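Sequences listed follow chains X and P, in order. Each residue of the first sequence is one higher than the last, beginning at 1 in our numbering. Each residue of the second sequence is one higher than the last, beginning at 1 in our numbering.
No lab work stands behind these hints: they were computed from the structure. Note that the structure is a prediction, hence the values are computed from the model and not measured. Watch out, some of these pointers could steer you wrong.
To be verified - Among chain X residues calculated to face chain P with C-beta under 10 Å, some are: (1) Tyr28; (2) Ala106; (3) Gly109; (4) Thr189.
A virtual CB, placed ideally from N, CA and C, is assigned to each residue, including glycine.
Below are the chains, spelled out letter by letter.
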Amino acid sequence: MEHLFSLFVRSIFVDNMIFAFFLGMCSYLAVSKNVKTALGLGVAVTFVLLVTVPVDYLLQVYVLSENGIFGIDLTYLAFILFIAVIAGITQLVEMLVERFSPSLYAALGIFLPLIAVNCAIMGASLFMQQRITMDAATSSQAINSVWDSLAYALGSGIGWLLAIVGLAAIREKMAYTDVPKPLQGLGITFITVGLMALAFMCFSGLNL
Amino acid sequence: MSKLFSKENKEVFSSPLNLNNPIAVQVLGICSALAVTSQLMPAIVMGLSVTVITSFSNVIISLIRKTIPNRIRIIIQLVVVAALVTIVSMLLKAFAYDVSVQLSVYVGLIITNCILMGRLEAFAMMNGPWESFLDGMANGLGYAYVLVIVGAVRELLGSGCLAGFQIIPDAVYEMGYMNNGMMTMPAMALILLGCFIWAHRAYNENKEKK
Numbered sequence: 001m002e003h004l005f006s007l008f009v010r011s012i013f014v015d016n017m018i019f020a021f022f023l024g025m026c027s028y029l030a031v032s033k034n035v036k037t038a039l040g041l042g043v044a045v046t047f048v049l050l051v052t053v054p055v056d057y058l059l060q061v062y063v064l065s066e067n068g069i070f071g072i073d074l075t076y077l078a079f080i081l082f083i084a085v086i087a088g089i090t091q092l093v094e095m096l097v098e099r100f101s102p103s104l105y106a107a108l109g110i111f112l113p114l115i116a117v118n119c120a121i122m123g124a125s126l127f128m129q130q131r132i133t134m135d136a137a138t139s140s141q142a143i144n145s146v147w148d149s150l151a152y153a154l155g156s157g158i159g160w161l162l163a164i165v166g167l168a169a170i171r172e173k174m175a176y177t178d179v180p181k182p183l184q185g186l187g188i189t190f191i192t193v194g195l196m197a198l199a200f201m202c203f204s205g206l207n208l
Numbered sequence: 001m002s003k004l005f006s007k008e009n010k011e012v013f014s015s016p017l018n019l020n021n022p023i024a025v026q027v028l029g030i031c032s033a034l035a036v037t038s039q040l041m042p043a044i045v046m047g048l049s050v051t052v053i054t055s056f057s058n059v060i061i062s063l064i065r066k067t068i069p070n071r072i073r074i075i076i077q078l079v080v081v082a083a084l085v086t087i088v089s090m091l092l093k094a095f096a097y098d099v100s101v102q103l104s105v106y107v108g109l110i111i112t113n114c115i116l117m118g119r120l121e122a123f124a125m126m127n128g129p130w131e132s133f134l135d136g137m138a139n140g141l142g143y144a145y146v147l148v149i150v151g152a153v154r155e156l157l158g159s160g161c162l163a164g165f166q167i168i169p170d171a172v173y174e175m176g177y178m179n180n181g182m183m184t185m186p187a188m189a190l191i192l193l194g195c196f197i198w199a200h201r202a203y204n205e206n207k208e209k210k
């Protein structure tokens with residue numbers, strides 16, 4: 001239980017997807033102009049993470065690894081298998097969002113199907129794959145069960161959500177400021193994210 | 001031969017290098033650009049891997065573009081890219097093990113690099129293999145040179161080295177110069193890239209005015 005909690009908090013603050021690993025930057029920069037849309041995308045990403053990471057965990061342990069059902073090491077198939085799972089689940093989320101919130105569907109536009117190629121999702125699965133071999137007794141990053149992978153996915157998703165909503169709020173205010181012309185838009189956004197990452201660095205000393 | 005290097009093809013090749021740079025203008029593939037640039041060596045390897053993968057995935061998709069059903073094209077593109085990335089990742093593990101450990105998950109993340117999907121969708125689905133090859137290579141190189149610049153600045157200021165060799169002489173350290181540890185932190189990658197985009201846009205704007 002304690003391990004689950006520390007894994008969860010760590011993945012929100014210390015191993016934040018955006019500020020520590022730069023995962024999911026493309027949609028992060030493109031959809032963070034408005035808080036409401038950013039919130040919608042954040043929730044969608046969190047949901048996709050919550051489903052894909054445990055599924056990929058089970059695939060990794062029971063199909064790809066040496067002790068799985070085939071009895072041979074198939075880890076070289078991980079990239080293809082993971083991306084197929086992610087693409088399938090994204091399709092499902094897209095259909096759900098279209099059915100239940102057409103306005104959000106219109107606002108997210110092309111970025112909803114692009115969750116399939118969002119590095120945050122693939123990255124979380126690959127990090128999960130690396131962390132399976134760690135030992136929970138020595139490292140608070142270890143992922144040794146489905147519950148661990150769920151806690152990790154939820155934490156990463158919430159961390160991403162926090163980051164995108166924060167940036168969207170700043171950018172809404174920034175619309176009224178006087179920024180040098182070549183720096184406008186992308187340039188100043190990068191520098192803002194850099195400063196936010198600096199602020200998040202203070203969590204890196206967090207010892208759980 | 002003259003057809004292969006016609007004016008249009010030259011245009012295809014040169015525009016991603018500067019005016020239509022994938023990172024500074026199209027804003028694609030930022031994730032890995034930031035994460036692997038704390039040193040020069042991984043940045044070079046990453047840039048080369050992406051160049052190889054964009055070129056070949058562009059050629060493959062462009063060769064089979066007429067047989068791909070429109071509805072499932074994304075899955076097919078992803079599978080082609082994933083297969084190429086698996087090959088590159090194995091090659092890196094075999095021939096450049098240290099760098100591949102440093103790059104860790106970011107090699108796998110080339111699959112989700114937006115440059116690839118963006119070029120496949122926007123170019124390879126509509127053009128012949130040779131043009132697609134040029135386009136893929138130029139976009140890869142445009143990406144690689146930004147990575148190399150950012151990687152070089154961060155390593156030089158962060159640890160006084162370039163690709164592992166010490167550049168700043170010991171005498172300078174004795175006079176009280178210190179490495180800027182901030183440069184190796186993730187946050188500085190973002191700020192440096194922001195400054196690079198600033199400079200790039202300011203430069204191109206001046207050129208347009210003239």
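Hint by hint, here is what the structure shows:
1. Tyr28: The hint holds - Tyr28(X) has a Cβ within 10 Å of chain P, the shortest such distance being about 9 Å.
2. Ala106: With a closest approach of 20 Å, the Ala106(X) hint is violated.
3. Gly109: violated, 15 Å
4. Thr189: holds, 8 Å
When held up to the earlier numbered hints, the structure conflicts with 2, 3 and fits the remainder.
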